[in-house]
Amino acid sequence: MTFMVVLTLAVGTYGLRLAGPLLHHRWQIPARVRTLLGLAAAALLTALMAVNALVPHGGFAGWALPAGVTVGGVAAWRRLPFVLVVLLAVATTAALRAFGVS
Amino acid sequence: MPRSLWRTIDLSVLPDVVPLALAVAVTGASFGAIAVSSAVPVWLVCAMSLLVFAGGSQFMAVGVVATGGSPVAAVLAGLLLNARHLPFGLALGEVLGTGLASRVVGCHLIIDETTAFALAQRDPRRARVGFWTCGITLFTTWNLATLVGAEVGQLIGDPNRFGLDAAFPAALLALLMPTLRTTAPRRAAVVGAAVAVAATPLLPAGIPVLLSVTGVVAAGREAPPRGVGSP
Chain A
804 MTFMVVLTLA VGTYGLRLAG PLLHHRWQIP ARVRTLLGLA AAALLTALMA VNALVPHGGF
864 AGWALPAGVT VGGVAAWRRL PFVLVVLLAV ATTAALRAFG VS
Chain B
16 MPRSLWRTID LSVLPDVVPL ALAVAVTGAS FGAIAVSSAV PVWLVCAMSL LVFAGGSQFM
76 AVGVVATGGS PVAAVLAGLL LNARHLPFGL ALGEVLGTGL ASRVVGCHLI IDETTAFALA
136 QRDPRRARVG FWTCGITLFT TWNLATLVGA EVGQLIGDPN RFGLDAAFPA ALLALLMPTL
196 RTTAPRRAAV VGAAVAVAAT PLLPAGIPVL LSVTGVVAAG REAPPRGVGS P
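Chains A and B supply the protein sequences, listed in that same order.
All letters in the first sequence, in the order written, are residues 804 to 905 by the working numbering.
All letters in the second sequence, in the order written, are residues 16 to 246 by the working numbering.
To be clear, the hints were calculated from the coordinates, so they are not data collected in a lab.
Backbone N, C-alpha and C fix where the C-beta goes; we use that ideal spot for every residue, glycine too.
The hints are all genuine.
Label-pair restraints from in silico Cβ distances:
#1 A/S905 / B/P139: 55 to 63 Å
#2 B/P219 / A/M807: 12 to 20 Å
#3 A/W880 / B/P56: 33 to 41 Å
#4 A/L810 / B/R176: 27 to 35 Å
To list a few chain B residues with every Cβ distance to chain A over 12 Å, as calculated:
#5 L26
#6 V33
#7 R137
#8 D138
#9 R140
From just these sequences and the hints, can you work out the full model?
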């Protein structure tokens, strides 16, 4: 991670944010494109989640991590508070590792 | 900062903003802790929260670089994720204010929460007040929480011993859950995630996550999904 990455991402994001209010009167994004952007965001974030849970360093990294994330996922599905979801996932992974499961 | 700003802030919307701020604080602290555990220096973690102020893309960029991806892939993935801010801005329009200054400053506060919050208000004046009050509160919270998370994260040594590598994917999953309850985005997400995981051993890091957008073709034509990847 370098400052150039942060700066490029920041400038690009700012441009995307500024374009909307400036173009407000002149341009309407088609509903279909809006839908596709939302779907792409869901796919990207879920993929990032899955890669970090299953193959974090380019290969399978043991069961403790995906088991913890699964417990967190069940907690989120049951609508538990955000803090509990994260804590349950972390505690499960840590406990499994303490018992020798990689 | 626009001169009318202090007249614009209205404390009567605060009770609705506080729960949002709590969730943003937890996410921001997780981001700070996870970023320093991925060897990002504290000042850079904080600079990212100040300048980018879009949690999903910040997690994305750190995650892509941490798994060995190229800087270009990290920026591309982050920007692709932030493309949704363009339609947000179009929808908000004059909620930010009519002057150039309020648009130039206010647009940096366009995130999932502030957009949803402003669009949920009854009249234009309340929408404007809600947007600015919510935006300034969440911006402050996000940046303070990032700093606290990064400082605490530095103290604890190898984060994996405490299972902290599970925090990031679990936090993402929790943020995504409202979206994943809807059929079309869920299909896109499951297919996209499967493509990314299958491609990870074969392709350079960062590319597989970008390939997940192919999951969109699996979604079919259905109602638009809700926004994801806040702060």
